[in-house]
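Given these sequences and hints, build the entire structure.
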Amino acid sequence: DAGVIQSPRHEVTEMGQEVTLRCKPISGHDYLFWYRQTMMRGLELLIYFNNNVPIDDSGMPEDRFSAKMPNASFSTLKIQPSEPRDSAVYFCASLEGTIPYEQYFGPGTRLTVT
Amino acid sequence: QKEVEQNSGPLSVPEGAIASLNCTYSDRGSQSFFWYRQYSGKSPELIMSIYSNGDKEDGRFTAQLNKASQYVSLLIRDSQPSDSATYLCAVNSDRGSTLGRLYFGRGTQLTVWP
Numbered sequence: 010d011a012g013v014i015q016s017p018r019h020e021v022t023e024m025g026q027e028v029t030l031r032c033k034p035i036s037g038h039d040y041l042f043w044y045r046q047t048m049m050r051g052l053e054l055l056i057y058f059n060n061n062v063p064i065d066d067s068g069m070p071e072d073r074f075s076a077k078m079p080n081a082s083f084s085t086l087k088i089q090p091s092e093p094r095d096s097a098v099y100f101c102a103s104l105e106g107t108i109p110y111e112q113y114f115g116p117g118t119r120l121t122v123t
Numbered sequence: 147q148k149e150v151e152q153n154s155g156p157l158s159v160p161e162g163a164i165a166s167l168n169c170t171y172s173d174r175g176s177q178s179f180f181w182y183r184q185y186s187g188k189s190p191e192l193i194m195s196i197y198s199n200g201d202k203e204d205g206r207f208t209a210q211l212n213k214a215s216q217y218v219s220l221l222i223r224d225s226q227p228s229d230s231a232t233y234l235c236a237v238n239s240d241r242g243s244t245l246g247r248l249y250f251g252r253g254t255q256l257t258v259w260p
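Line order of the protein sequences matches chains Y and G. So in the working numbering the end of the first sequence lands on 123, straight run, no missing numbers. So in the working numbering the end of the second sequence lands on 260, straight run, no missing numbers.
Source of the hints: derived by calculation from the structure; they are not laboratory data. It is possible that some hints are incorrect.
[What the hints assert, rightly or not] Label pairs and their computed distance ranges (CB to CB):
hint, chain 1, residue 1, chain 2, residue 2, range
1, G, GLY205, Y, PRO116, 21 to 27 angstroms
2, Y, GLN89, G, ASP204, 42 to 48 angstroms
3, Y, MET24, G, GLY162, 35 to 41 angstroms
4, G, ASP204, Y, PRO116, 19 to 25 angstroms
5, Y, GLU23, G, LYS213, 49 to 55 angstroms
6, G, GLU151, Y, GLU27, 33 to 39 angstroms
[Stated by the list, open to error] Derived DSS-like pairs (lysine-lysine); straight-line CA-CA distance at most 25 angstroms:
hint, chain 1, residue 1, chain 2, residue 2
7, Y, LYS33, Y, LYS87
8, G, LYS188, Y, LYS87
9, G, LYS213, G, LYS202
10, G, LYS148, G, LYS213
11, Y, LYS33, Y, LYS77
12, Y, LYS33, G, LYS188
Quick caveat: nothing in here was measured; it's all calculated off a predicted structure. The C-beta atom is built at its ideal place from N, Cα and C for all residues, glycine as well.
See below:
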């Protein structure tokens, strides 16, 4: 299996611009997670989906962030408008909702907002 | 709020020694426990999972779980410089609406010096 796929791997944008991050989970996995990682805050869960339905979005920092999962093989995380404090590495992860509930991470998108 | 605490480190051991990484968790009902390794600039990589009290061995890695003490550890035998990374402890919420959600510690940075 190709693993979790994320794009782009790097994104540099100016403050105020819209940013869209993309994720393709492992085939057959019915849970998808979006995380953000910074040195200050560590790894934070932003939102996660089960069978394409958002289950918990309490980690989404504010209304500028939105996430969608239109089908089982694709999800997006959008930031509009972006701010310098959004600079971080964003990871997508997926798992198959059966024991052993092992979660696998994508390579991440490094976002820099200037 | 489910808390996962790790010894903050950094931990430094000589090549060939045993590295011991520790983790405690607050939710007594947790059932699944994971160790991830994260190299600098890379995504978290699942290296061990454990579900039952006792030890689980995989090559040079041994995970130990004590549910009564709410404690999980990772031992790395014959440590190698290539083991130098940050190790993240994660605990799964195995029930209800949060099934599949992982709660992460802040990580312990390990350096193995030759």
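Outcome of the hint check:
The hinted window of 21 to 27 angstroms between GLY205/G and PRO116/Y holds, with their beta carbons roughly 24 angstroms apart. In this structure the hint that GLN89/Y and ASP204/G lie 42 to 48 angstroms apart at CB holds, the actual value being about 44 angstroms. Distance hint check for MET24/Y and GLY162/G: the Cβ-Cβ separation is about 49 angstroms, which falls outside the suggested range of 35 to 41 angstroms. The hint said 19 to 25 angstroms for the Cβ distance between ASP204/G and PRO116/Y, and at roughly 23 angstroms that hint holds.
Hint check: GLU23/Y to LYS213/G, Cβ distance near 50 angstroms, so the stated range 49 to 55 angstroms holds. In this structure the hint that GLU151/G and GLU27/Y lie 33 to 39 angstroms apart at CB holds, the actual value being about 38 angstroms. Between LYS33/Y and LYS87/Y, the direct Cα distance comes to roughly 15 angstroms. Compliance with the 25 angstroms bound is thereby established for this hinted pair. Simply put, LYS188/G and LYS87/Y have alpha-carbon atoms about 22 angstroms apart, close enough for the 25 angstroms limit, and the pair holds.
Restraint check for LYS213/G and LYS202/G: the C-alpha separation of about 14 angstroms stays at or below 25 angstroms, so the hint holds. A distance of roughly 15 angstroms separates the Cα atoms of LYS148/G and LYS213/G; the hinted pair therefore holds under the 25 angstroms criterion. Between LYS33/Y and LYS77/Y the alpha-carbon distance is near 12 angstroms, which keeps this suggested pair within the 25 angstroms criterion. The straight-line distance between the Cα atoms of LYS33/Y and LYS188/G is roughly 18 angstroms, inside the 25 angstroms bound, and the hint therefore holds.
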